[in-house]
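Enquirer: Spelled out from the first residue to the last, the chains are:
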Amino acid sequence: MPIKPPQVIGQVVLYAAFAAVIGYFATEPGYTYVDPGAAVITLSFGHAGDRTTECRRLTPEEIAALPPNMRRPMDCPRERVSLLVELHLDDELLYRAWRPPSGLAGDGASTVYERFIVAPGRHRVTLGLRDSRREQGFDYEHEETVELAPGEHLVIDFRADKGGFKLL
Amino acid sequence: MSNPESARRVSYPKRLARLAVERIESAFDAVFTPEWNPLYQLGALGWFFYWIVAVSGIYLYVFFDSGVTEAYESVEHITHVQWYAGGVMRSLHRYASDALVIVMMLHLLREYIMDRLHGPRWFAWVIGVPMIWLVFAAGISGYWVVWDKLAQYVALATSQWLDALPLFGEPIARNFIHDSTLSGRFFTLMVFIHIAVPLILLFVMWIHIQRHTHARVNPPRGLAMGTLAALLVLSLVHPAVSQGPADLGAVPARVGLDWFYLFLYPLLDEYSGIALWALLGAATLLLLALPWLPHKRSVPAIVDLDNCNGCARCVADCPHGAVRMATRSDASAYAQEAIVDPALCVACGICVGACPTATPFRRRSALKAGIELPEYPVLELRERSLDRSSALRGEARVIVYGCGQGPDLKAITGASVAAVEIPCIAMLAPSFIDFMITRRYVDGVFLTGCRANDCYERLGARWTDARIAGERDPHLRARVPRERIARFWAGSDRGAEMADALDLFRARLRELHAMQAPVVIERHEAATNAN
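Residue numbers (my numbering), protein chains in the order written: chain A, 229 to 396; chain B, 14 to 544.
If the Cβ cut is set under 8 Å, some of the chain A residues that face chain B in the computed set are:
1) 235
2) 239
3) 243
4) 247
5) 250
6) 255
7) 260
8) 261
9) 274
10) 337
11) 339
The calculated EDC-like cross-link candidates involving lysine to aspartate or glutamate, where the alpha carbons are at most 20 Å apart (straight line), are:
12) B/423 - B/516
13) A/394 - A/369
14) A/394 - A/375
15) B/27 - B/421
16) A/390 - A/371
17) B/381 - B/396
18) A/232 - B/48
19) B/381 - B/486
20) A/394 - B/192
21) A/394 - A/371
22) A/394 - B/183
23) A/390 - B/192
In short, the hints are calculated from the structure, not lab data.
Heads up, the beta-carbon is just placed ideally off N, CA and C, and yes, glycines get one too.
Same shape as in the complex, but just chain A:
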């Protein structure tokens, strides 16, 4: 069936509308993920806490009672303690949480991944991490003053083998 001129015009209009819808919604309207005038602090690390119980040296009798292929000098329980993590920005407590160990047996690293949208400017960042069985205080502490520009992304990492907290 031959197509009439009005149909051609109609098709052009509908094809153009189809293309326009795709072209527009492929990028617009823009989405403001974070206020462009703000800065973001990401606190993220993975770290294994101490074991919940000290390793204990087995007695000769206990070692002898074990099957020959499973004999070992120390008995070390697998489970690890939860980490206590604190982040203060200036005098405000931004984050305080007990982070449990991963793994079904609770023997893996505890992980932290938290984002904070903050005002740009000069800030004092105070961090604390407890990864032992102690009851009070922190095993790692860090304090640093940073100057955050609008839109800047500050990452707080933790590496025990490199001295503790690092601001990247």
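Following the hints, complete the assembly by docking chain B onto the known chain A.
Expert: Here is chain B on its own, set in the frame of chain A:
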């Protein structure tokens, strides 16, 4: 026995929705013609866009370089240095992907509104659900590999969302917080995912159409050319570009989201990742359950071996592959017999219309076809046709055959017009048209049903047209005057237009009547006695 003329089985809200859809589609019919109407070709268009994405993706892959800085630089080179080829390909890749989402979601919505998900159709519906996940996974992973600001946002948001699931020992998002944590091997992984997922999608798309005979996987050439031209023009006028290189030291504060793929992402800022997973999981389960919600199902067709000669026409015409041929199980001289799989049969009756034994002319034995719908035997169709036509008066007596998906037939019946509803128009064997006209029970036969190219039973109107044109068995005999036959493929929203078409047809019949010598009209009783 249930009333076979109560095929309008869908609920009232769905009927309203269907009416709305049909109104829109009728408008598209007027512009595109039913043959090119894109709304009837949503599945085929999905395949078409998939191939555009695949071809353009292969081209882009040749020039893409994976690496923390190389990824962005290579995409920039493709986009700007060879804008005439690579740039166009990139834009086509993106826009065809977006178009794929549009037609996929419209296809889903339309099949639901048109009630094409129950019975044997559950298979295509259920297979289509994971396809949605795969399309989105393929698209989102594609945004990731460009490694511009949008990619940075997508990487962070997606990994944070994935981290909400208790599956990963260490947060994946940690990989995207600082340059020191980002590895070039990550891009190799993402490219692998971006290629592997579409390949899996292709396989699932192939499964999706396995239970459809004569599945449409290519849109008509004119529609394909028009759509491709629209995407090409868009690619040239508004090319897809990157949004600046990713910088993990800065926040991608404002990004131009592709809303077709990333429309859920802003919700991640309002609701927890787990809540969103739960929402998607619930939506997926609901979609999977829809085909099994309460729905009336007709009794499947049955084969009567005494009348089945093993011609296999029913196999050739069944739109759902519900009939197959097998070695004869009785003592008949015929080699094969038809076997109906009740799980696949939708009781449309197209097989009945294809059966050479479903002819109302039969006299030697009782009218019973080789394959029958238990709820609507051919004998009942003949009786109903004769009964209703016997009361007709005037010079242009017409019997209208229509299906339950077309216009309301009750509205057009009158002193000179009778109507008989059947499950699908292709249930009407051409011999019925021959019978009603050459025996002068009526002056004309008017066939109506679903819209052209959008048969509810997929192939009813197509087979009917082909049978009347003599292109497909059983064909309408040459002796039947074609001017006494009218077809109006309408859909349920075009009752008024159908009434107009019927009036025109009857006017033509009156002209024929005036040109011909008066004929003696055999009455129903005479025919009944003859049988």
